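Peer 1: Single-letter residue listing:
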Amino acid sequence: MIQVDEKGFYGSFGGAYIPEMLYPNVEELRENWEAIVASPTYQVEFQSLLKDFVGRPTPLYLAARLSETFGAKIYLKREDLCHTGAHKVNNTVGQIILAKKLGKKRIIAETGAGQHGVATATVCALMGMDCTIYMGELDIKRQRPNVERMRILGAKVVPAVSGSKTLKDATNEAMRAWIADPVGTHYIIGSVVGPHPYPEMVARFQSVISEEIKWQLKSKEGRENPDLVIACVGGGSNAAGAFYHYYNESSVRLIAVEAAGHGIHSGKSAATSVLGTPGILHGSKTLLMQTEDGQVIEPHSISAGLDYPGIGPVHAHLHEIGRAEFVGVEDEDAMKAGILLSRTEGIIPAIETAHAIHALNQISFNPNDLIVINLSGRGDKDLETYIQWGNY
Amino acid sequence: MNRIDYLFQTKKERVLSIYVTAGFPSLEDTLPVMEAIQAAGADIIEIGLPYSDPIADGPTIQESNTIALENGMSIKKLFAQLLGFRAKIHLPVVLMGYLNPIIQYGVEEFCKKCKELGIDGLILPDLPMSHYLEEYKELFERYGLFNIFLISPQTSEKRIREVDEHSNGFIYMVSSHAITGAKAEISPEQEQYFERVAGMNLSNPRLIGFGISDAATFQLASRYSQGAIIGSAFIKNIKNSTDLNRDINSFIQGVIG
Chain A
1 MIQVDEKGFY GSFGGAYIPE MLYPNVEELR ENWEAIVASP TYQVEFQSLL
51 KDFVGRPTPL YLAARLSETF GAKIYLKRED LCHTGAHKVN NTVGQIILAK
101 KLGKKRIIAE TGAGQHGVAT ATVCALMGMD CTIYMGELDI KRQRPNVERM
151 RILGAKVVPA VSGSKTLKDA TNEAMRAWIA DPVGTHYIIG SVVGPHPYPE
201 MVARFQSVIS EEIKWQLKSK EGRENPDLVI ACVGGGSNAA GAFYHYYNES
251 SVRLIAVEAA GHGIHSGKSA ATSVLGTPGI LHGSKTLLMQ TEDGQVIEPH
301 SISAGLDYPG IGPVHAHLHE IGRAEFVGVE DEDAMKAGIL LSRTEGIIPA
351 IETAHAIHAL NQISFNPNDL IVINLSGRGD KDLETYIQWG NY
Chain B
1 MNRIDYLFQT KKERVLSIYV TAGFPSLEDT LPVMEAIQAA GADIIEIGLP
51 YSDPIADGPT IQESNTIALE NGMSIKKLFA QLLGFRAKIH LPVVLMGYLN
101 PIIQYGVEEF CKKCKELGID GLILPDLPMS HYLEEYKELF ERYGLFNIFL
151 ISPQTSEKRI REVDEHSNGF IYMVSSHAIT GAKAEISPEQ EQYFERVAGM
201 NLSNPRLIGF GISDAATFQL ASRYSQGAII GSAFIKNIKN STDLNRDINS
251 FIQGVIG
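Chains as they are written, first to last, in our numbering: chain A, 1 to 392; chain B, 1 to 257.
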């Protein structure tokens, strides 16, 4: 069974390695989140927002021309059609209601490319809550449109100027901000990372993805389980959501697609499952790209959303026990796959998602296999990267 | 007897602990800075193991970590620098660091090396009590290393009692809801918290850290505890120093008067 234990471990990965100053906050969350989320008042509000605000259920779309191209029956789970353009909002809706029930007045979050920042700023606007987003100074320069979207939505965007000035440093800054205001603030972590209970909590909010896949596939194909589920992994929230209800269905192959950057061993990659070793990052024990002295290595990917030096502890566990197959897709191949999907299905995917599409070239499957790819986000935010790449 | 216990048996008030990042401001400054801290009259030396992602530290100490790493500091390098340091340093020495570099070094090997060199204790902010008790307590004790716990204004009385039960050496009282170096003065709310903890009759001595920077804040912290820890203000003081001995002496003398 793939299941988190009461101390927050998936096998040997997970836990809550946090400074004492954060202990009361994390403990408050750990003790209360499941009961709050299970309560009828919570569920009524959550389900109604998922339906009317996010636009769920998202379609499960049979991609006929893509299927023909690859010689299998391929469905796309259209998370790109969620409000704000990606699956990230499933989690922020879930956490903002939780924060409100915990009596929090202020929300903080980290963001890399800005998708989680926008999804957080969006739900804060919806609920009238004060919102501060921490973002690496370099990412602020690279992702101007998302920075302005957050500001339009009323959020304050604070640059993280330490270290490499990217996602991991933004996460450090958000944790420091949480230490500085532990009582009034809730920290909405955007992926299945961080101290327990975050990895499981975020996975649970994203698990609506595989919950819907199950009944949608049942009605379209007469079966709940596909042969393969494919999703890209940075921290791993969309993959955790797409895999969640299939963790323990051993007939379903789970394919986790990482960013191999310029090549897994090129020194410019984010393929944590290959390059990572067990270590502690942002409060949990997981696979981590680090030097032999235990200093965290700055990864590289053309997609900011996969540009993270660790993976969620659940994915480290799925990797360790061989439950998921990990595939590394290089920058150039991901870009080509993005163009391919655009031309065959009329869908411009986020570059993160394009990695998952390209994985079809790198794994084996049978012609009659039923494949679900989690189309985690749309490519609007990546237009500049597509333009600069230019090869279309 | 562990040097920390000996210190608190012989000195019950105005104990001053000074934090410095290893390999800062220059790689080979570690030992000279320690000697200067001792000569200037401080009581405990806390050496920071630099880390790429120090989440409990503010900008000043983060920057010192970055500089030390750029200088080439590592646990291996520090242990090489500390070889034989007990010939010169008699003060208690504790290492402060984040867990990951220690795990990569090998926790048991790390503890063994600490004992060989003459390190007295460890402050590991991202090692919470439950993980310590389950995974590390026995190991630390085997090598005579005190594990120093932190408490903050948010720590419940029940948990402070638990910390006291499992502590040795002293308890590190974080003065506020803050990261290191965040504030320059002590508020009335903080004083209430100091007073509340002082009234709990804990079995371990307490040192107050975070936001202690000068004679006034040291004086105030010492009113409610056995003393205090100064980090960021000290780092600022030596960052651009052209004469470490002189600047360290005048800083510490300025604090303890």
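Accuracy of the hints is not assured; some may be wrong.
Some, not all, of what chain B presents toward chain A, calculated at C-beta under 8 angstroms [said to hold, decoys possible]: (1) Ile55; (2) Ala56; (3) Ile67; (4) Leu69; (5) Glu70; (6) Phe85; (7) Tyr105.
Below are the DSSO-like pairs computed for lysine-lysine, each with C-alpha atoms no more than 27 angstroms apart in a straight line [to be verified]: (8) B:Lys239 to A:Lys7; (9) A:Lys100 to A:Lys165; (10) A:Lys165 to B:Lys236; (11) A:Lys7 to B:Lys236; (12) A:Lys101 to B:Lys158; (13) B:Lys239 to A:Lys165.
Since the hints were derived computationally from the structure, they do not count as laboratory data.
Being a predicted model, the structure only gives us computed values, none of them experimental.
Yeah, the Cβ is synthetic: ideal placement off N, Cα and C, and Gly gets one too.
Peer 1: Which numbered conditions among the earlier hints are violated in the structure presented, ordered from lowest to highest?
Peer 2: 3, 5, 6, 8, 9 and 11
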